[in-house]
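J.: Sequence:
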Amino acid sequence: MGKVAFGQRICVYTRAWQSGGAGLFARELVNGLLDNGAAVTFISPVCPDTRFETPRAGLQRLRPPRETPGKSKRFNRLRGVGRIVASAGFLLWKRLTIRVYLVSIPDVLPVMLPVLAVLRLTGACVIFIVHDPLPHAWKLPSSLHWLERWSHGACYALASATVVLSEPSRAKMAQAFPRLSTPVHVIEHGVFVMGEPTEMPGNGVLLIFGSLRRNKGILEAMKGGSLRVRRAFPAA
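The opening residue of the sequence shown carries number 1 in the numbering used here; numbering runs sequentially from there.
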């Protein structure tokens, strides 16, 4: 993968809109591209944290609708459909002026697969950023896991190149998709610095942070911390 040329037009697309995790990754990716002189079109729902919606020179912001926490399921379903349709339209529209696309956490694959195929057939370079080679939580019933697995593999196969965030992820991808011929590159995830680090309080309080998803091991960390305290202080 080559360096970014000054003024190069790049489209970055993600469905993630939260200010943490995948959403923050995409926003820092955009900032890095802008810092290196690229002209970036960023397709992503608006982030509720205004710190991540600051206008910058060289940035075009396209904001599809998104779900709203606290609203009804019907309302959010309609907003979700609107996000998918708007994102697909934005991607195809920008193909008139942009050739290079960076995709991170796209919308539902059955919809986005045809869009990615159109981009590739029209000569676009699509780089797929893979956070998890396989889903950490399957969306379809177990009888349809093969379809979900195939959809992920098809996305990787359609891409001009894929990027994983660690060497173990590259090994996992090779194991899951042994016939994949798309180049796989490793760019380490790195650390997001949101503020000055502070000293640990030293009062025995265990700090656990991260997204509340089953693959993050939050419950296991809590149980492990409790077990460690009981072993160190049997009378506690």
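Mixed in with the good hints, there may be bad ones.
To be verified - Now the in silico label distances, taken between C-beta atoms and shown as ranges:
1) PRO110 with PHE75: 15 to 25 Å
2) ALA157 with PHE233: 52 to 62 Å
3) GLY224 with GLY80: 54 to 64 Å
4) SER181 with GLY224: 18 to 28 Å
5) PRO55 with GLY217: 17 to 27 Å
6) ALA137 with PRO168: 12 to 22 Å
As the list claims (entries may be wrong) - Straight line, CA to CA, 25 Å or less: simulated PhoX-like cross-link-like pairs of lysine-lysine:
7) LYS71 with LYS139
8) LYS73 with LYS172
9) LYS139 with LYS172
If you're looking for bench data, these hints aren't it; they were derived computationally from the structure. Built from N, CA and C at the ideal position, the CB exists for glycine as well.
J.: If a hint holds in the structure, say so; if it does not, say that too.
T.: How the hints compare with the structure:
1. Checked against the given bound of 15 to 25 Å, the beta carbons of PRO110 and PHE75, roughly 23 Å apart, stay inside it.
2. Taken as a hint, the range 52 to 62 Å holds for the pair ALA157 and PHE233, whose Cβ atoms sit roughly 54 Å apart.
3. Checking the proposed 54 to 64 Å range against GLY224 and GLY80 shows it is violated: the Cβ atoms sit about 36 Å from each other.
4. The given range of 18 to 28 Å is broken by SER181 and GLY224, whose C-beta atoms sit roughly 41 Å from each other.
5. Checked against the given bound of 17 to 27 Å, the beta carbons of PRO55 and GLY217, roughly 38 Å apart, lie outside it.
6. Under the hint 12 to 22 Å, the C-beta atoms of ALA137 and PRO168, about 19 Å apart, fit the expected range.
7. Distance hint between LYS71 and LYS139 is fulfilled; the C-alpha atoms sit about 22 Å from each other, no more than 25 Å.
8. Distance restraint check for LYS73 and LYS172: the Cα-Cα separation of roughly 35 Å exceeds the 25 Å cut-off, and the hinted pair is therefore not satisfied.
9. In summary, the hint linking LYS139 to LYS172 is supported, as the alpha carbons are separated by about 20 Å, within the 25 Å threshold.
Violation of the numbered hints given earlier is confined to hints 3, 4, 5 and 8; the remaining hints are satisfied by the structure.
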